[in-house]
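Asks: Chain by chain, the residues run as shown.
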Amino acid sequence: MTAPPTPSVPSSSLPKIRRILGRAGRGINQRATFWFIYLPPVLWLSLFFVLPVLLMAAFSFRSDMRGDLFQAFTPTLDQYARVAATGSYWRLLGISALTALGIGVSAVVLAFPLAYFLALRAGHRAGFYLILLLVPFWTSYLLRIMAWKILLGTEGIINSLLLYIGLIQEPLAALLYNRTAVIVTLIYVWIPFAALPILAALQRIDPSLFEAAADLGARPFHQFTRITLPLSLPGVLAAFFMVFIPTIGEYVTPLLVGGSRGFLYGNIIQDFFTKAANWPFGSALSIIMLTATLILIAFATRLIDFKQLFE
Amino acid sequence: MNTHRRSTPLALYYFGLVTLLYLPILMLFLFSMNSSASLSFPIKELTLDWYKKLFAADEILRAARNSLSVALGSSLAATALGTMVSILMLRYKFRSQNILIALAVLPLIVPYVVLGVALLILFSVFHIDRSLWTVGIAHTIVALPYTLLIIASRLAGFDPNLEEAAMDLGADYPTTLRRVVLPLIFPAMVSAWLTAFTVSFDEFALALFLAGTQPTFPVYLFSQLRFANRLPIMIALAVLMMMGTLALVLVAERMRRVK
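As you go down the protein sequences, you meet chains Z and B in turn. Counting in the numbering used here, the final residue of the first sequence is number 311, and the numbers go up one at a time with none missing. Counting in the numbering used here, the final residue of the second sequence is number 259, and the numbers go up one at a time with none missing.
So here's chain B without its partners, still in its complex pose (with noise of 0.2 Å):
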């Protein structure tokens, strides 16, 4: 068999679609270096003005800072959270079982609007300020699924034979989990851990039902796009941040794969 058929045609396509999904996002980063504060061509001349000014303008750092705290509380709560149910998923049998991996696998279907407005109508029955507490508390809800998935099935991949052997050798079963299991699946769960926080660093939807007084990044990104003027210095930033989201991912990706 001619195991070397010609793949031209779809070489190109693939190279020719995967470019055009970069072009709008590489005109950021040019538009981020244009001297000229309008986002239009001509391009004027190139300069690293707007990332010098981006650092000296407060609010924007601030609401920057917002969400590396929401997005470090919340991935932190939905690593813990998706390593219980993982092995409550893999090592337990009891009634409410099913129940309870499909209320922690639930929010991937439910739209983000109904979520945001659910969670908004909870906070204000109880009469719960509008805070980072809150947004924090909606990305551990929607970040759980994904823990849940990159840390179950890297523990579905271990021979419960281990921990019997553990158990066999006298160690109770919390040393077994401290001392067997959480070491074993500890790279999945910075992965886990990693995904979240780019999940909740990211997210709009929520937080723009949610985020009280302080804004997140992504909601005063949102709520300066008014300003035409402001456009460039919020471009610069958003560029920085997503080559740190970036890197994020990569490790994440990294850590999935360590066998």
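If we strip away everything but chain Z, and leave its shape as in the complex, we get (with noise of 0.2 Å):
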């Protein structure tokens, strides 16, 4: 550790002996002001971040939930033998993958637009229909799932439209309680905030070289192919991971509008530590999940330099 800022220009009106003394004791006020702000935020996140994680991987290497919990217990492979021989459970896993990999790319493509309008053709009312962009976002989330479910469900709201207006002399019963529900609800939810990062990233872009390239001849689109997606590119990658990662393990989507059939990875997981209770079992699926999330996260951070986006 090195202190904050020690003072360079050297107070000379003092007398020499006092300003050592004085910076002795400003260095032991230093050191006690460290660890006074390094402690607090090492011992949560240890505690109730790093601890937990740990003890659910250990949990993965039980054999069963018998005994108390706290006991010390033969560390077995078993539970993961079981996930690898099962094959629903991969299945699931690359669905969930797909099923996030498809909301991650159609939010991006439905959300460019809404970036390029705000950051080259709004103008200065941009500040405005982007506050008008985000507020749907700020909304309750559980809220926006439930009126996905209201408007979907067989007494819903488009089914007694249809049936009101007599389009449909029977309500559609497939609009509920599947995959597709779930997916829809999904890319509705990520979209605003699939165009932030986007947005920053072609905010970033010199107008000059627009300039430059119709003083050389391109064409819009030409403009567009060969300047504005190559360096939105970055902002366009942030933005489908921000919305993939969430959504590998989303599981409270499904719950509510994707019905059995609908389910993700995320729900068996759910369903161990709650109705089948096994969790070791539950705890080796978690494990899994984690591991594949971080190999991505790294994956990612290769590709984009986050933290440019965000200044």
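Do not take every clue at face value.
What the hints assert, rightly or not - Simulated restraints on C-beta separations:
id : chain 1 : residue 1 : chain 2 : residue 2 : range
1  : B       : T175      : Z       : L47       : 29 to 37 Å
2  : Z       : K275      : B       : S35       : 32 to 40 Å
3  : Z       : L172      : B       : R226      : 21 to 29 Å
4  : B       : S96       : Z       : Y80       : 28 to 36 Å
5  : Z       : L101      : B       : K93       : 17 to 25 Å
6  : Z       : L303      : B       : L225      : 35 to 43 Å
7  : Z       : T291      : B       : L182      : 38 to 46 Å
8  : Z       : A84       : B       : L108      : 28 to 36 Å
9  : B       : D129      : Z       : L101      : 36 to 44 Å
10 : Z       : P75       : B       : L250      : 45 to 53 Å
11 : Z       : L303      : B       : L30       : 38 to 46 Å
12 : B       : L72       : Z       : L231      : 41 to 49 Å
To be verified - Far from chain Z, some chain B residues (derived; all Cβ distances over 10 Å):
id : residue
13 : Y51
14 : S69
15 : S131
16 : P187
17 : T198
18 : G212
19 : N229
To be verified - Residues of chain Z clear of chain B, computed beta-carbon distances all greater than 10 Å:
id : residue
20 : L77
21 : V83
22 : A84
23 : G102
24 : E170
25 : L175
26 : I227
27 : V236
28 : L303
Keep in mind the hints are simulated off the structure, nothing from the lab. Don't be surprised by glycine CBs; every beta carbon is placed ideally from N, CA and C.
Build the complex from these two chains, which are given one at a time in their own frames, with help from the hints.
Replies: In structure tokens form, the structure reads like this:
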């Protein structure tokens, strides 16, 4: 540890001895301050973030739930062997990853024109338009998902509206409780969020580049493919990962609008900790998901410099 | 160069999509004022009855109060922790620095279901009963990355020379922190606090695992979804809360931009 900035300009009016004494006192003072602001976050994170994840990892090596939760046990790879032997878990992990991929790509594609409009076409009203876009995103998450449940249900709003205006005679049951409902709802949830990093990247593009390109005879389409798109790519990738990562672990939306046919990987984890009460197996599934997510993040941070997007 | 290229299709797309984003929410508003308890067309007549009934529904109000206390406590803690990590990150150099920063930001990446079950294991292992406290602790962890990013970006914008100047003038470091650094980053701390508050207030995925017998509002809302006839009251409350959250977010945005 080195101390925070120390005085560089000596205050010459003070006697030298007092300055040295003062500095020594200040050193002790600074060290005390350091510990005072260092210990709380370190203890808090160790206790409530690192320790639980370690305990979960330990749990995944238990053979069963028997005995006190806190007692020693012989580690076993039984749970992992069981996951490995059961194809349906891998399939669900794959389906969840594909679903998240589809949702991420769709949200980014739909959000790109929004960001483009705000950054390059909206002019001085862009700030207001951006707030307009973000209000739905700031609305309660559970409420927005509930809104879709009410929209899509058999006695829900879309069905009752279609019946009312006479377009259909029987309610359409296929709207709710399937994976499509999950996908549509989540794309809806993420669109405003996905626009943000793309907007940040587009705002960074130097406008004189467009002028230069135009002067050199580039048509608007070429300006877009040769300047706008490549330069906004970091934002596009960031937007994708910012949607993809929370979506792989999603279990609330499938619970509400997906039903058993729309379940994702997160739902089986939840099941093993609630209904099935097999924590060691659930822990193994969680560790697999956590590892997969961390690998992906490591990969993503290689691709993009997230820091520059948030300056 | 023609700076006013035609952008009508783009503007149409923008406002079209934004309208679509508002539709489901506006529908909830509409049905919170529908006299019939069933959430379907046709709308019978508009009424404020559900809002009146809401203030007589003790259970719902209790759940809302639970959420308020959890959000208040966890957001204050997350702001304090975020301020500390920001100062450690930008004003000190020490060996475990990068690990600490990584740990503080990591909750942004760890799936909530994983964090939820991990904390559930922790509390069970130490025989700690689930309560509003356990939910609040989980919320400090997930709110920390937000408070850290908001406060650190403000602190990064200030010249460390200001602190040096204060110390040249004889202030010791704690005094400098209190009299120079904290006032400078105060708007960011308010913004971080409001953000953490809304994160906690709205949080469901962790609370479902960690709430004991006292549900937070989202957990209560979820448990009541089965009872169709209570839905309009719940929606009425949700609409009120949504407006409260929205006001907070807008204030937080304002504070973040304070120069």
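Asks: Next step is simple, just say for each hint if it's right about the structure.
Replies: Hints, verified against the model:
1. B:T175 <-> Z:L47: 29 to 37 Å: holds (31 Å)
2. Z:K275 <-> B:S35: 32 to 40 Å: holds (38 Å)
3. Z:L172 <-> B:R226: 21 to 29 Å: holds (22 Å)
4. B:S96 <-> Z:Y80: 28 to 36 Å: holds (31 Å)
5. Z:L101 <-> B:K93: 17 to 25 Å: violated (40 Å)
6. Z:L303 <-> B:L225: 35 to 43 Å: Holds - the Cβ-Cβ distance for Z:L303 and B:L225, about 40 Å, lies within 35 to 43 Å.
7. Z:T291 <-> B:L182: 38 to 46 Å: Because 40 Å falls inside the window, the suggested range holds.
8. Z:A84 <-> B:L108: 28 to 36 Å: holds (30 Å)
9. B:D129 <-> Z:L101: 36 to 44 Å: holds (40 Å)
10. Z:P75 <-> B:L250: 45 to 53 Å: holds (52 Å)
11. Z:L303 <-> B:L30: 38 to 46 Å: holds (44 Å)
12. B:L72 <-> Z:L231: 41 to 49 Å: holds (43 Å)
13. Y51: The claim stands: B:Y51 keeps its Cβ more than 10 Å from every Cβ of chain Z (closest is about 16 Å).
14. S69: holds (18 Å)
15. S131: Given a closest Cβ separation of 15 Å, the condition holds.
16. P187: It holds; B:P187 is separated from chain Z by about 18 Å at its closest Cβ, greater than 10 Å.
17. T198: Nearest chain Z Cβ is 7 Å from B:T198, so the label is violated.
18. G212: holds (14 Å)
19. N229: Answer for B:N229: holds, closest chain Z Cβ roughly 13 Å.
20. L77: holds (19 Å)
21. V83: holds (15 Å)
22. A84: At about 19 Å from chain B, Z:A84 clears the 10 Å cut-off, so the statement holds.
23. G102: holds (18 Å)
24. E170: For Z:E170, whose nearest Cβ neighbour in chain B is about 15 Å away, the distance exceeds 10 Å, so it holds.
25. L175: Since the minimum Cβ distance to chain B is about 13 Å, Z:L175 lies beyond 10 Å and the statement holds.
26. I227: holds (13 Å)
27. V236: Given that every Cβ of chain B is farther than 10 Å from that of Z:V236, nearest at about 17 Å, it holds.
28. L303: The claim holds: Z:L303 sits with its nearest Cβ about 15 Å from chain B, beyond 10 Å.
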